[in-house]
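K.L.:
Model the full structure from these sequences, guided by the hints.
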Amino acid sequence: MKTLLIMALATAGSLAPLSAGAAEMDAKQVTIAAKALGFATPKAPAGAKVVVTPGAAPVAAVQSALSGASVGAGDAGSAAGAFAVFVASADEAKKANGKGTITVGNDVACVEAGACVIAVETTPKVTIYVSKAAASAAGIDFDPNFKMMITEK
Amino acid sequence: MRYKNTYSSTFVILLMMAAAATSNQSAMAQSMDYGSLQDLFGEPVTTSATGKPQRASEVPAAMTIVTADEITKSGARTLPDVLNRVAGIDILQWSSTNADVGVRGYNQGYNPKLLVLVNGRQVYQDFYGMTLWSSIPVQLSEIRQIEVVKGPQSALFGFNAVSGVINIVTYNPLYDDAGSADVTFGNLGQREFSFVKTLKLGERAGVRLSAGGWNVDPYDTAKSQQVSGFYDDKSVRRTASLDSIVQITPDIQGGFEATWSRSDEYNMSPFGSNLRGKYEVYSFRGNVKANTSIGLLEANAYTNRLNVDLITPQQFSYLSTKSNVLQVQDLVKLTDTLTTRIGLEYRDNSINDKGVERQFDADTTTGYKNYAISNMYDWQVNPNFSIMLALRGDRTSLYYDGVRPYPFTSDDYERTFNSFSYNGGIVWRLSPHDSLQVTAGRGIGSPSLVEISNKSAGVPSQGSLLIAGNPNVDPSVATSYEVGWRHTIDEIAGFGRLSISHQKTTDLKFLNLSSVQIINGYPTFLLGDNLGSSKAWTVEAELNGKIEAFRWNLSWVWMDTKDSLNIANVLIGQNYEKSNARNTVKGNLGWDSGLWTTDLMLVWKSKTYRYFDNGSGSQLVEVDPGLTAQASVGYQVTPSLRVSLSGANLLRDETQLTSAPKAERRVWATASYKL
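Protein chains in written order, with the working numbering: chain R, 1 to 153; chain E, 154 to 828.
What the hints contain is simulated information worked out from the structure, not anything from laboratory work. Being a predicted model, the structure only gives us computed values, none of them experimental. All residues carry an ideal CB built from backbone N, CA and C; glycine is no exception. Any given hint could turn out to be false.
[Said to hold, decoys possible] Derived lysine-lysine pairs resembling DSS-like cross-links, with alpha carbons at most 25 Å apart:
1) R/Lys147 x E/Lys486
2) E/Lys486 x R/Lys43
3) R/Lys43 x E/Lys353
4) E/Lys715 x R/Lys132
5) R/Lys35 x E/Lys760
6) R/Lys153 x E/Lys486
7) R/Lys153 x R/Lys28
8) E/Lys731 x R/Lys28
[What the hints assert, rightly or not] Facing chain E, a subset of chain R residues (Cβ under 8 Å, in silico):
9) Lys35
10) Ala36
11) Ala44
12) Lys95
13) Asp143
14) Met148
P.N.:
This is the structure:
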């Protein structure tokens, strides 16, 4: 019993730094994020490099949603030259950010902190959040009509 | 010379926009990619409520969007048949092909109260002030969606958005891959073809081509000899259009559109008499959109031309009208939550009347120039509450070229008047499933060209009775207030909706061929006269859902109308208290499974009464169609080939749909091949 309690506390402690929105993206969120990436400028080149960091999203789901991209698991340190990096935390996003790289997650706080470029929500309805500061730092812009329909932070 | 100046101004503005746009090369200029945005947000998107891109569920307006999928499954072959499915839309099917469309009552022959657009270009004709639905140069298979906005929308769309606006959005040749060849055969000798194809010209350009037409016999039902003279010829329609878009730079798109159509069909006049019209319509439009540091700039310049051979019980007339329009707008996201749109519009509308039997060598031209400025603000106060306010001011100056416009003088046409319109709305999301919508609007119905036109050819003899347009006619003004509640129902993937609205229209305009007025000593009938007002309460309830293979939509509309007219109804051929249906119930049920689609549309309307002149004077005719049905069954034979069997007026051999001759049961088969 004592062992179980320690394990539970340890598990809770390991989750504490993550906000509720930082749970791994589900397949629907990945699909929406992939569609949102389609409104970015510059566009993803054929075979664009996309990195999925641990705990950010199922790699297979990302590959399925971005069929024209070269998707691989990796940490934020391997994001150099990537078109997009799926991240699980603001810290990872900060490490992954670079010129031409779009950091994507489902944690709105990450966008509010200016760390992630895009965060997506799918319930109760599809909502896209974009950090203007992070997008600008990455040299990324979006379709002007798309920008009218999303929440910019 | 007048038009030359217009085009020069357009060119200068386009150059200015290009200069502004090239100062910012960081992003891209885009016309809206409806398909991708709909795919992203999981629902149709639109710009027709505020001018800015929005999801259908978030617009501060009473809006219904009919999708391409719904059009296909309906089996309908005309735009009015498609629109008949929408709650609050009223169709007056005068003949096998010709119909008038109204929103929340007040429908009539040559209905002037509904503004109709194709991709933002007006296809409403300023001639009598009406929409010739058969002349709209659009094939059903090139339509992405039809946006129906109910209530006055003049602050956003300008004149004649009085009872509402319908914007037909077609596939974009730069973003969409669309193509279809359709043939239709049916009873009443129906022979119809339709062709649509988008073509990509490299990475930066696209063209959409479309053409189509039909030949359909009239209903072979009882009618007087006089009516037969107008009614019994075959209805003919031919249309063609070309639409192109070029991505000039990453930040600038340019577009050019040319359209042509010709139609020959039976019409109902505004006062209930028979007409036979041969209409030739063509248009040219240039368009530039630029993403700039000062917002999303857009300039539109277009010209609409209409040539009419019109046969009335009294005479044969040949007329032509022109509308030259220049619009410039800037859409700016001022802050993360505040968006504004500033718009300028110049319009020159004129009618050239060659007179009865083309007897006049000296043409007369009557028209008006209109200058407008508009401004819209959309403020997302918080995630659950938004406010929209739009204001527009118009300054209108009449003009007349020709000999003295008896009984008036040229000075009478030196008239200028101002009009003001507004739209306001709030959307309050009460819970994840409930939203409350409160809207108000003031719409302006401009005098039509016929209402102000004059076709004097010389000095009339003293005491002779004249029929003349009226330069002193005022625009009609409609105000509307509406409260609506919408509840999404996850269990049926649908929604319930309830709304209550009140509308009032003042300075209603009518053709007044009964009250002789003495003007400058001449007894005169006026083609346009302000003769009172009318108001109505409307309740709309709608339930929409889908469970597995079944989809349905059920709606009920109740109206209570009160007229205050200054003239006997029979003299103007209108009685809105009697012609607005008290109750209208529509039910749509569809079942889709595998390669099969089925669709059943039932409509029931209360008994109404309409004036109709069958050759022996205007009489009030009882119209009691009871329950009517449209249905369609479709089968996808191959991935490219779809066939369908459809019908209308299916429940009886003959149905009294309007005051015109009864409608027959119709059946048609369509084969559609995807190109």
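K.L.:
It remains to establish, for every hint, whether it holds in the given structure.
P.N.:
Status of each hint after checking the structure:
{"no.": "1", "hint": "R/Lys147 x E/Lys486", "result": "holds (9 Å)"}
{"no.": "2", "hint": "E/Lys486 x R/Lys43", "result": "holds (23 Å)"}
{"no.": "3", "hint": "R/Lys43 x E/Lys353", "result": "holds (19 Å)"}
{"no.": "4", "hint": "E/Lys715 x R/Lys132", "result": "violated (54 Å)"}
{"no.": "5", "hint": "R/Lys35 x E/Lys760", "result": "violated (51 Å)"}
{"no.": "6", "hint": "R/Lys153 x E/Lys486", "result": "holds (13 Å)"}
{"no.": "7", "hint": "R/Lys153 x R/Lys28", "result": "holds (23 Å)"}
{"no.": "8", "hint": "E/Lys731 x R/Lys28", "result": "violated (53 Å)"}
{"no.": "9", "hint": "Lys35", "result": "holds (5 Å)"}
{"no.": "10", "hint": "Ala36", "result": "holds (6 Å)"}
{"no.": "11", "hint": "Ala44", "result": "violated (14 Å)"}
{"no.": "12", "hint": "Lys95", "result": "violated (26 Å)"}
{"no.": "13", "hint": "Asp143", "result": "holds (5 Å)"}
{"no.": "14", "hint": "Met148", "result": "holds (5 Å)"}
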